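Colleague: Position chain B relative to chain A; hints supplied.
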Amino acid sequence: MAVEGNLVEMGALIGAGLACTGMGGAAIGVGHVVGNYLSGALRNPAAAGGQTATMFIGIAFSEALGIFSFLVALLLMYAK
Amino acid sequence: MASGAEEVSAFNIHPMDQFVVKPLFGAGHTDINDVMKDLAWYTPTNVTLWLGIAVACIALLFVMGTRGRAVVPSRTQSVAEMIYTFVRNMIVDITGEEGLKFFPYIMTLFMFILFANVLGLLPYSFTVTSHIAVTGVLAIAVFLSVTILGFVRNGGKFLKIFWITEAPLALRPILAIIEIISYFVRPVSHSIRLGGNMMAGHAVVKVFAGFAGALGVGAVAPIVAIMAVYGLEMLVVVIQAYVFTILTCVYLNDALHPGH
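Chains as they are written, first to last, in this note's numbering: chain A, 1 to 80; chain B, 1 to 260.
Honestly, the hints are just simulated from the structure, not real lab data. All values derive from a computational prediction rather than experimental measurement. Glycine included, each C-beta is placed from N, C-alpha and C at the ideal position. Just so you know, not all the hints are guaranteed correct.
Unchecked claim - Heads up, incomplete: computed chain A residues facing chain B, CB under 7 Å, no partners named:
id : residue
1  : Ala60
2  : Phe70
3  : Leu71
This is chain B alone, in the form it adopts within the complex:
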């Protein structure tokens, strides 16, 4: 960012500051270059903290939810059951019964992304999924496992997803090139879609918070706007978790049934 631009800016908080990775027990440096010097691969940072909180919340929900196992479910149990049924129906709808073998993986992905996204909306929290490093690992894991699965299940026939037999013969090589490019762009778009949405959405909330901070007591309009944007963000974080999971199911379906 331009150093001159910050002086004339109305923001006393920079909207991107919330995405800075900081050590938990550090010297409290504020300059980004000093913060970077404090980081080593073993340093517990705010990423570690919020990853841990997300995992703890998921564990808590399912441990509490499955403790009673009543026929008439308690509130926690019905939430856990609703999420379970939701993911199960999604897999069956897209990949068929065959895909249920991969239910644990897809459920884990969905729960992790959902909780990391929603926890990121808490004030002063850190959105783990706003970093391409995190979403990239998730997306590359999906890409590699789906590709390996496709070759293990179908052998060389897996390559048929690039050779579209419905198209006229003259068009097929061109389509094959496009299909191959789009296949390898998958992990990029898969990860950037989630990371970019989270980053943009949370930055928008911060921008409006900056307006409210600059206006002081008379900041009615920005606060109403924050409420509206926050409501929209609540929707977006859940939809993005859903979209990431459903695309995983689509890719899985390609691996299980190539040539469809």
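If we strip away everything but chain A, and leave its shape as in the complex, we get:
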């Protein structure tokens, strides 16, 4: 069976797939932030309410890096 196609395009698509592994790192980071928030909040529920905003800021910073890897994947697939 002869396989035809563009080698550069194949490399770009493989690269896009590999770039998506970066999202796993962001997932670990977000889980870490929320998990630690929750364990802290269960120890001291009175202080939990005031730290929700801080938790969301932490989530946002850690999530942004995952979005960057998604962006790299998109660039590899669509920006030619």
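Modeller: Only chain B this time, still in chain A's reference frame:
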């Protein structure tokens, strides 16, 4: 996208098609290159339409909400009041009472992003905030206004946010370089976080819709999955509007109180 990949794909709709900017009153071209030729800077497109709908919805909510001004609020009024109080508390929590001067700007940002995000979840609609062009303008506006505000309020002392006096002296130049880089990456990450989340989230919904379309009548599992993803997306769009606004407050706080 590879032309060969589309033929073997199960999707009869491409998940990224929903983000194409099309003229409203065009010849109805489907090929992307023909669509691009129809666009000029004055062409009314689906972006224009959904921007207008978002602004009209916000205006409607607040005009209706403030019409009665009853002591016991109606439903519309209590929604408007809840959003107002929410944004006000957010600013006071992060920047202190001083930040309330910038309440109109932050409220505008929050309402616009919230409504653009939520309206984008309607079937056949267009998500304005999924485009980096839109979120980039919002983020650069925040970045420039915060930087100018910092220099106007504090003069040269604003540069102290790069020079961390809590750190040991030997570390400070290295930290200063890192701080400067992270300061200038702010508009990039600020805009891409919102745009990327919206694009990825809405594309995921479309991917599952493509599965349902390919399976036809027996598409119970994809439809259940769409419902679950849609519920998650509802949460994500609101959280992303919140995150964009709260980061604006954080940056504003840096400008108002550098060196903290």
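Colleague: Against this structure, judge whether each hint is valid.
Modeller: Tested hints:
1. Ala60: 4 Å, holds
2. Phe70: 6 Å, holds
3. Leu71: Since chain B brings a Cβ to about 6 Å from A:Leu71, closer than 7 Å, the hint holds.
The structure agrees with every numbered hint stated previously.
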